[in-house]
Amino acid sequence: MVFNHTLAPFYLIVACLVVGQPSYAGEWIEGRVTHVRDVDTIEVENRAVRLNGVDGPELDERGGQAAKRWMQRLVMRKPVRCWLNGDRTYDRWVGTCYTKSEEDLGALAISAGQARDCPRYSDGKYASFETDESRRLPIHGYCR
Numbered sequence: 001m002v003f004n005h006t007l008a009p010f011y012l013i014v015a016c017l018v019v020g021q022p023s024y025a026g027e028w029i030e031g032r033v034t035h036v037r038d039v040d041t042i043e044v045e046n047r048a049v050r051l052n053g054v055d056g057p058e059l060d061e062r063g064g065q066a067a068k069r070w071m072q073r074l075v076m077r078k079p080v081r082c083w084l085n086g087d088r089t090y091d092r093w094v095g096t097c098y099t100k101s102e103e104d105l106g107a108l109a110i111s112a113g114q115a116r117d118c119p120r121y122s123d124g125k126y127a128s129f130e131t132d133e134s135r136r137l138p139i140h141g142y143c144r
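All residue numbers for the sequence shown refer to UniProt numbering, where the first residue is 1 and numbers rise by one.
Derived from the structure by calculation, the hints contain no laboratory data.
Quantities reported herein were computed from a predicted structural model and do not represent experimental measurements.
Do not take every clue at face value.
[To be verified] Straight-line Cα separation of at most 27 Å, DSS-like style, residue types lysine-lysine; simulated pairs: (1) K78 - K125; (2) K100 - K78; (3) K100 - K125.
Generate coordinates for the entire structure from the input sequences, incorporating the hints supplied.
So this is what it looks like as structure tokens:
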């Protein structure tokens, strides 16, 4: 095989991108919550984490802003631990996050009526946490 020197800059850029990408697949991350995007997406030390199996209202949907504020009160600037399963959606890692006292953020949000179980991704893990209030929230098509 002959190395094409005209493509050397391209190979260098690709190598830097691959090496520079952190791998959070199947591992724990810990840190303080630096941002809450909405009820089912938080940032831990500026790393976006989508709560696996949790279906929260979007910010422009009924209950979305209130759910975000609820999550902010729960975790903003507080330490959490997240188990990242290796999946990504958009710019977010997918995982299950816990408070310092080991409470599952997804279960807390759903039992507080701020989100719903997303059975397609949770395999029903959070179904028992749903309340009358949470069942009034919209369920998104990707969860069915």
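Each hint tested on the structure:
Straight-line distance between C-alpha atoms of K78 and K125 comes to about 25 Å, which keeps the hinted pair within the 27 Å bound. Restraint check for K100 and K78: the C-alpha separation of about 8 Å stays at or below 27 Å, so the hint holds. With a CA separation close to 21 Å, the supplied pair K100 and K125 stays within the 27 Å bound.
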